[in-house]
Amino acid sequence: MEKRTNEEWIAGLRAGGDQQAQALEDLRAIILRGLPYAIAGKIAPNSLESEALTEDVAQETLLSVLKYLDTFEGRSQFTTWAHKIAVRAALTELRRRRWREVPLPEMEMNEDGDSSYRELADDQPSPEEQSERKDMMKRVNRIIMEELTEKQRQAMMAVAMHGFPLEEAAQKLGTNRNTLYKLMHDARLKLKKRLEKEGMTPQQVLSVFEQVGK
Amino acid sequence: MNFKQKLQRLFGLKKQKPSSSESMMQSGKSEMMQKMLTMLSKTQEVEMTCDDVFAVLDQFAELAARGEDVSKLMPLVKHHIDMCADCLEEYRVLESIVLNAA
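One line per chain: the protein sequences are A and B, in this order.
Mapped onto the numbering used here, the consecutive letters of the first sequence carry residue numbers 966 to 1179.
Mapped onto the numbering used here, the consecutive letters of the second sequence carry residue numbers 149 to 250.
In short, the hints are calculated from the structure, not lab data.
Treat the hints with care, since some could be wrong.
Said to hold, decoys possible - DSBU-like cross-link-like pairs, simulated, lysine-lysine; straight-line CA separation at most 30 Å:
#1 Lys1147/A to Lys183/B
#2 Lys1155/A to Lys183/B
#3 Lys226/B to Lys1158/A
#4 Lys226/B to Lys1116/A
#5 Lys226/B to Lys1155/A
#6 Lys1137/A to Lys183/B
#7 Lys190/B to Lys1116/A
#8 Lys1103/A to Lys1137/A
#9 Lys226/B to Lys1032/A
#10 Lys1158/A to Lys220/B
Hey, can you work out the whole structure from these sequences and the hints?
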């Protein structure tokens, strides 16, 4: 395969006819060389599943490349830009398959008005540490309940504490990844500022929990 | 696919499928709270979003693959991928491709 410059890729893909078909075929081959790095460790290589996934992703990527060709600004190799699109498509699909049946964790209030965060205090610290930690947990619970919206609490529970992919949490919450990141950024800022208002930094609160088990 | 590969695939897939209760047991409840507090401690007033980062991830990955100091050249992107596991995963795969397959 002849190595193309960025300009040659753009010209080829815009050309139409045989020239475009050749450029698409070459780009498809390049994308297929990169995709094993995205699926490594997630699905068995050389399986029917991986073959079907990479074919679908390569096809989806070529369509996206043509659709968004005008947005390529030439700040990287054209092929890196195309790989970027393929990687996101592949990982989005893999995340969907892995997490689609996992429900978002729920945060329930108990009769004392504490949230399920209270249940987090389940290690075996000393009585003093246990007491300090319990007090801090209640304080953090209260701040979370007072400052965050229900959606922000759900998102923080799912993503920041349970390791949900942002993409999947967003879908389950009826939004998109970008909006959810903004929502969580806003939530983090609110919590951070409220802690500061109460004379604490996140690092200080963190140190209370880090003492446990040492 | 031979019998061993079938078993590996079967158990590999089974192991990869998480549940919220498994996740809680694995990471530990205290660790989960620490994760959230660590994110709070790293929170900045101004942060890039996932879309902002995706727009320049190809440039960022190439710089990183060349050994450039990306935390100085593109600090907001670096900060975002430290905060966002999805974008971090995409960056790592893309950098591997740039280093090995591009």
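Evaluation of the provided hints:
no.	hint	in the structure
1	Lys1147/A to Lys183/B	18 Å, holds
2	Lys1155/A to Lys183/B	17 Å, holds
3	Lys226/B to Lys1158/A	23 Å, holds
4	Lys226/B to Lys1116/A	27 Å, holds
5	Lys226/B to Lys1155/A	22 Å, holds
6	Lys1137/A to Lys183/B	22 Å, holds
7	Lys190/B to Lys1116/A	22 Å, holds
8	Lys1103/A to Lys1137/A	28 Å, holds
9	Lys226/B to Lys1032/A	28 Å, holds
10	Lys1158/A to Lys220/B	27 Å, holds
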